[in-house]
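**Student:** Residue numbers (our numbering), protein chains in the order written: chain A, 1 to 542; chain B, 543 to 848; chain C, 849 to 1036.
Hints are supplied without guarantee of correctness; some may be wrong.
[To be verified] Beyond 10 Å from chain C on every Cβ pair, some chain A residues (computed): (1) Val51; (2) Phe130; (3) Leu162; (4) Ala183; (5) Ala212; (6) Leu225; (7) Asp240; (8) Leu243; (9) Val247; (10) Phe250; (11) Ser310; (12) Phe316; (13) Ser320; (14) Phe346; (15) Asn434; (16) Pro456.
[Claimed, not checked] Residues from chain C that keep clear of chain A, each with C-beta distances beyond 10 Å, as calculated: (17) Leu901; (18) Asp902; (19) Ser910; (20) Ala989.
[As the list claims (entries may be wrong)] Facing chain C, according to a computed beta carbon distance under 7 Å, are these residues of chain A, among others: (21) Ala113; (22) Leu114; (23) Gly230.
These aren't lab readings, by the way, just hints derived from the structure by calculation. Even for Gly, the Cβ is constructed at its ideal location relative to N, Cα and C.
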Amino acid sequence: MTTAEVAAVPRQQAGDRYALWLRTVDHKDVGILYLLTGVAFFVIGGLEALVLRLQLAAPRQGVVDPHLYDQLFTMHGTTMVFLVMVPLLIGFANYLVPLMIGASDVAFPRLNALSFWLTLFGGLLLYFSFVAGGAPDAGWFSYAPLAERAGSATSGVDYYILGLGVAGAGTIIGAINLLVTIALLRCPGMTFGRLPLFVWMVLVTSVLILGAYPAFSAALVMLFLDRHLGAHFFDGAGGDPLLWQHVFWFFGHPEVYIMALPAFGIISEVVPVFSGKRIFGYRFMAGSAVAIAFLSFSVWAHHMFAVGLSTAENIFFAVSSMLIAVPTGVKIFNWLATMWGGRIRFTVAMLFAVGFIAMFLIGGLTGVTLAVVPIDWQVTDSYYVVAHLHYVLFGGTMFALFAGAYYWWPKMTGRFLSERLGRAHFWGTFIGFNLTFLPMHWLGVQGMPRRVYTYPAGVGWEGSNLAATIGALVLGLATLVFLFNAARSLRGAPSAPADPWDAWTLEWATTSPPPTHNFEAAPAVRSARPLWDRKHPDLPDR
Amino acid sequence: MRPSAEAIADLALVVGAIALGIFLLVTGVLLATMWRYRLRPGAPEPRQIAGDLRLEIGWTVAPLLALAAVFVLMLGTMREIGASLPIAADTDRIPLRVTVVAHQFWWEYRFDGGAVAANELHIPVGVPVELDLVAADVIHDFWVPALAGKSDIVPGKTNHLRLFARQPGTYEGACAEFCGVQHAWMRLVVFAEPEPEFDRWLAVQGAARQAPAGEAARGEQVFLRNVCVSCHALRGTGAAGNGAAPDLTHVGGRTTIGTGVLRNDAAAMRAWLADPQRYKPGSAMPLVRLDPGDLDALVAYMESLH
Amino acid sequence: MIAHRAGTPSFFGEKHVLAMCVFIASESIFFLSVIAIYLAYRQATLGTARANLDVTRTFLFSLLLFSSSATMALAARSPGPRGRRWLLVTAGLGAVFLGGQVSEYVRLLAGGIRPSSDLFGTTFFTLTGLHGVHVLVGLVAIVAVAAVSWLRGDAVRPTAWESVSLYWHFVDAVWVVVFTTVYLGTFV
Chain A
1 MTTAEVAAVP RQQAGDRYAL WLRTVDHKDV GILYLLTGVA FFVIGGLEAL VLRLQLAAPR
61 QGVVDPHLYD QLFTMHGTTM VFLVMVPLLI GFANYLVPLM IGASDVAFPR LNALSFWLTL
121 FGGLLLYFSF VAGGAPDAGW FSYAPLAERA GSATSGVDYY ILGLGVAGAG TIIGAINLLV
181 TIALLRCPGM TFGRLPLFVW MVLVTSVLIL GAYPAFSAAL VMLFLDRHLG AHFFDGAGGD
241 PLLWQHVFWF FGHPEVYIMA LPAFGIISEV VPVFSGKRIF GYRFMAGSAV AIAFLSFSVW
301 AHHMFAVGLS TAENIFFAVS SMLIAVPTGV KIFNWLATMW GGRIRFTVAM LFAVGFIAMF
361 LIGGLTGVTL AVVPIDWQVT DSYYVVAHLH YVLFGGTMFA LFAGAYYWWP KMTGRFLSER
421 LGRAHFWGTF IGFNLTFLPM HWLGVQGMPR RVYTYPAGVG WEGSNLAATI GALVLGLATL
481 VFLFNAARSL RGAPSAPADP WDAWTLEWAT TSPPPTHNFE AAPAVRSARP LWDRKHPDLP
541 DR
Chain B
543 MRPSAEAIAD LALVVGAIAL GIFLLVTGVL LATMWRYRLR PGAPEPRQIA GDLRLEIGWT
603 VAPLLALAAV FVLMLGTMRE IGASLPIAAD TDRIPLRVTV VAHQFWWEYR FDGGAVAANE
663 LHIPVGVPVE LDLVAADVIH DFWVPALAGK SDIVPGKTNH LRLFARQPGT YEGACAEFCG
723 VQHAWMRLVV FAEPEPEFDR WLAVQGAARQ APAGEAARGE QVFLRNVCVS CHALRGTGAA
783 GNGAAPDLTH VGGRTTIGTG VLRNDAAAMR AWLADPQRYK PGSAMPLVRL DPGDLDALVA
843 YMESLH
Chain C
849 MIAHRAGTPS FFGEKHVLAM CVFIASESIF FLSVIAIYLA YRQATLGTAR ANLDVTRTFL
909 FSLLLFSSSA TMALAARSPG PRGRRWLLVT AGLGAVFLGG QVSEYVRLLA GGIRPSSDLF
969 GTTFFTLTGL HGVHVLVGLV AIVAVAAVSW LRGDAVRPTA WESVSLYWHF VDAVWVVVFT
1029 TVYLGTFV
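Chain A on its own, in the form it takes in the complex (with noise of 0.2 Å):
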């Protein structure tokens, strides 16, 4: 069935609107079913963190078993890579790009929907280890040897497996699909250096997933060998367990930026609209993304300074992890410079892009800190790490994420979010994580290690661990809010206008939510602002 005659069909009874879900084709549609995966697993996954922090409230408690814990704090991660941010970012390319380049729809609707029922049926499979004897306990990253049948007894791992093979075959043919749709399906004047900077993001995000995923696809089918036909891959009798290390980051440190570039693309959205001016740098903003991704490829040891290295090995890394902090400072000093003489409006969507930029700083200082090998010989597998990357991909990547939902909810389902609600649903994220994360800077220097499921009294670690427990709860209420105030307005009657922010980009040429074909007339642009040059038919954009 065609996207034409889904839209056609009247949307009386409930029973043939999911069927419509189900059929559904047109990138719209599957965007938001991306979204809607991703928002369910992100429920999901804070759910487990916050098990995961009533346990280390205080010490010695038994909230959950040791094994149970163990399962759990490796859904949480596994879950929230691969299940709520990628497919959340994945979302927004999903929906966003064919409209803000003009387009009617990806180049390959059918495939697109498959990558997106790929990526759940993997969740689903990753989650169905939980009734089929255990979920998958050796850590998000699953290191061998104990991610081997020997030190992993459970089918968890091989769910593991099986689930993120499944749902990273889905984000592979994802990316070919944006790909090929953002360099063949742009409008009549739409050139490369006129996208949309949420477009470039997404672009070079997708040149890193096909570079990145398919070495975790090698590593998977390898490790699930291992497993089941007795290979030696990384058996640590006769194969080597720092291959895993080595395989797994190659494509695991590249997957923190296919995490963190379309964020960087929300924020270059949503700050120079609420600052009324046009982005700083545009050229610079593309080009460090370009360096951010290369440089992504040549970093990976650097969460191998402690198995042992040689010291050029260490030096290469420490280099070219503190080089790719030079391209990310660029970033944050041209979003600086586009607020630094605007008129900024602090909407929701606004609150949470500052937000980000300011604990993005915060990951990404903590990450050159980590690059200085000495530092990471005593901090990494501690504390530390885990405040470092939350601040990267929550205090980064979600906050980013909140931004563009407040963003382009109007244009998604012709409804306002409460701006009120909205606010609440700031501050409580912004003080609930720092609550939560920043202590765990300290426990980590104080020498706690992390994956433990409890630990020992009076090493003073009970004060930091409570706030932290404190901060997420204040960090689950939060979410209820947001949950609350989409649920809220959705009941509302539509009211969103085609352009409610007064933006530049292409997607609020069209209505709110754009028709089935996306413009009524194919546009075409002789900027990278076309609805600036429209309403200041005086002063275009060059």
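Position chains B and C against the provided structure of chain A, taking the given hints into account.
**Tutor:** Showing chains B and C alone in chain A's frame:
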């Protein structure tokens, strides 16, 4: 010579100060921008500026310079830590060598000369100690933050770490690489003590158990009669173990039971032996049903093994 | 369907062809990862490889696979009944190559070499097996294109021929690298 942890702490302070400075500067500018350019009635339409090449160059080069400084500092610290391997440059002491075998979920220490200890490491103050780190099963990590940075312990590979304590004291640490269900109770403790004291400790660890008397002697029979001996070695009794469980020859002299999970005293030992899975679920130590009299005797025996 | 397209139509300007090229690029990363692992264990596996691999025989089968690239090129040049015949020749050559691989496996397994026996078995069966799976997928795709083209009276888009042809050349090129690494590597 100083503990490498001190060198790292110095480096971390400088790098941390630089990072904090950058953080304050950037957030300061961010907050000032937010305040100064907030939407106010009558604010003019902002000027649309595409960019500024000089600024771009500036904020590319400035971080590069800061990073170059950090890099040079890092090399200095790595040199200092690395120079102390494998022989101490500025002490005339022959370093003490210890082989550390990391097991799920306990530590084994083997000294030249045959002394074997489990879970608690004693080192002499002022003498560099070279650790050869090997893993018995999965990846572990040796981390005593107050003495040195950490090193992973990888199956099929021997890693090296140097400990050097300037002050006598108890230095706590832990396994820092997730190694399975009882990773949390793979605690580490290093006692740094004056050399004569250390020598006495080492001599004890090298010796067979002291022959027990009274109830403890009965306890030894309980020990030898039960499955304990299939895993645990106890030198002097003929129990050789299988290498997968801690040597118990001097278990009474240790401060904790179960690699940190319980403080070692008679009551705790009794509770532990009665139901180890209650305190360390998932460890290899099984529940062995003993009648109360045997249990008391076994506890007395364990506590007598100093 | 494509309402408007920036740039001029070219080889990469066709979406199926571009998608296939991008897919092949990602597949290259997949194979490079496995080959990297093979090379990482080369020292440990070289002795067993030298003692057990039949380089000459596999070389002869490899020639069949290499020549199937030429027949594939002929097939892609003339989508139609003529090209269909070349497609079937290509599939035949690929199938014989796979048969050669299977017989090699049978011989090695009979000699006690299996994925679990040692690092050679582990890496050899994985690398050549993953390649074999790709050959099989290529065979299925070729037969599918030939069958659809026959059933629908040649109404298969030329881009489908083009895409399958690209994929087949890629599978062939991977074998050049794998054969060099695994078989010719025993001489170095």
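**Student:** Hint by hint, say whether it matches the structure.
**Tutor:** Hint check:
1. Val51: 35 Å, holds
2. Phe130: 30 Å, holds
3. Leu162: 16 Å, holds
4. Ala183: 6 Å, violated
5. Ala212: Ala212/A not clear of chain C: closest Cβ-Cβ about 8 Å, inside 10 Å.
6. Leu225: 6 Å, violated
7. Asp240: 7 Å, violated
8. Leu243: 6 Å, violated
9. Val247: 6 Å, violated
10. Phe250: Non-interface label on Phe250/A violated, nearest chain C Cβ at 8 Å vs cutoff 10 Å.
11. Ser310: Its Cβ never comes within 10 Å of chain C, the nearest being 15 Å, so this holds.
12. Phe316: With a cut-off of 10 Å, Phe316/A remains clear of chain C, as the shortest Cβ separation is near 17 Å.
13. Ser320: 18 Å, holds
14. Phe346: 37 Å, holds
15. Asn434: Check passes; 38 Å lies beyond 10 Å.
16. Pro456: 40 Å, holds
17. Leu901: 18 Å, holds
18. Asp902: The assertion about Asp902/C holds, with a minimum of 22 Å to chain A.
19. Ser910: At about 23 Å from chain A, Ser910/C clears the 10 Å cut-off, so the statement holds.
20. Ala989: 15 Å, holds
21. Ala113: Result: violated, 15 Å to nearest chain C Cβ.
22. Leu114: 13 Å, violated
23. Gly230: Cβ of Gly230/A sits 3 Å from chain C, so the hint holds.
Checked against the numbered hints listed earlier, the structure breaks hints 4, 5, 6, 7, 8, 9, 10, 21 and 22; every other hint is satisfied.
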